[in-house]
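Fit chain B to the given chain A structure using the hints.
So you can see what is in the structure, the chains are spelled out below.
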Amino acid sequence: MSLACNTVAILAVCAGAFFFLAGTVGLLRFPDALSRLHALTKADNLGLGLVVLGLLFQAAGPPAALKLVAVWLLALLTGATVTQLIARTARPGEPPQ
Amino acid sequence: MPPAFDTGLALLVFGLAAGTITARGAFAAVAGFVAYGLLLALVWVRLAAPDVALTEAALGSGLTGGLLVGASTRLRRSEPSPAREAASATLRWAAAGLCVLVSAGLAAIVVLFAEPAPTLAPQAVASLAATGLGNPVTAVLMAYRAIDTLLEVVVLLLALIGIWSLAPDRLWGGLPGRLHRADPNRMLTFVAQLLVPIGILIGLHIFWVGSVAPGGEFQGATVLAAMGILAMMAGLVRTPPISRQWLRLLLIAGPAVFVTVGLAGFAIAAGFLAYPPQYAKLLIVVIEVPLTLSIAAMLALMVAGASEWILQR
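So the sequences go chain by chain: A and B. The first sequence stops at residue 97 when you use this note's numbering, and every number in between is there. The second sequence stops at residue 1313 when you use this note's numbering, and every number in between is there.
Honestly, I wouldn't trust all of these hints.
Here are the computed lysine to any residue pairs in the SDA-like style, where the Cα-Cα straight-line distance is at most 25 Å [what the hints assert, rightly or not]:
{"no.": "1", "chain 1": "A", "residue 1": "Lys67", "chain 2": "B", "residue 2": "Ser1061"}
{"no.": "2", "chain 1": "A", "residue 1": "Lys42", "chain 2": "B", "residue 2": "Met1187"}
{"no.": "3", "chain 1": "A", "residue 1": "Lys42", "chain 2": "A", "residue 2": "Val71"}
Simulated from the structure, these hints should not be mistaken for laboratory data.
So that you can see chain A by itself, here it is in the shape it has in the complex (with noise of 0.2 Å):
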């Protein structure tokens, strides 16, 4: 059972791990501002998801499984907003806000 949980952890980890790499050539390698953002967004949104999936079969207790959780869904939320006002400000064209 541990190490099929552990397994199970180590492949979401390093899935994680693949898409923050993925999401830094992108940040590096794009042209402009709005692709970048794309790019970050997969690092934070799925990258930080896989690697929180990961932790969660390594996790003391249910509070410690909630609590990571929790902080996905608040780097989903603050991460996404901060993408769009980003990306406002820097459309050529759009009124930043």
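Same frame as chain A, now just chain B:
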């Protein structure tokens, strides 16, 4: 041989520090500084100091970062002509030399520490029961070295008064910062409505849990201040004019209660800021609650800045 993770982390911190110093624009330097603070928080976690890590992430990186972003935005207009104001090469090299000297001195002290390093940790833990607290760091901040905490809060208050004094005379007592209008269709309004209640709960939790676990009044107050700033930026709450009586009272409530309890220590215990053991926990909570609210108000008003508007009646 240190573990690869720690080596990588240390190299990253050094690289980011160098990048921040050599960054061309003020805004890029600020972005580097915020990332540097977050990495430093990770370093503190690796050093098994989660209390310091929380403080670094909340105050060192988050709040100071916010203040610096505000400053660099204000400086942006004058930035195209920094050459005239730039320090001379001699001054820069002198500053760099002094920084290297300080760093080398600190490094030498750490490297040349006696083995085992001198520590007061066993005494701090041994006397923990007398304070009624479960977190030795909070015991140091609120009991053993409470006077340091008191002075820190007074320094914050002085800094806020310093910021207020930057306003011209005719604007004294006015509204700090920019005017934000609430727009129900705006992204920020939605997030502020959703996030602020959650954030206030988290801030209170971090404050309350500080008695037994990593956390405490400074970290909790920073989260509360951030929620206040968010509500003000979204226009949900209007920044109060700094001449308001209740605002002034809120700001001095924490330090005033702190000093009062400290002076009472002469009558009920051994001296200034000494607590009688059976009431130690109670007195610490009595100090901490108004202190947290005062610090939150101070931090939020520091970010809001000097007054820029006067209410027309």
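Comparing the hints with the structure gives:
no.	hint	verdict
1	A:Lys67 / B:Ser1061	holds, 22 Å
2	A:Lys42 / B:Met1187	holds, 20 Å
3	A:Lys42 / A:Val71	holds, 16 Å
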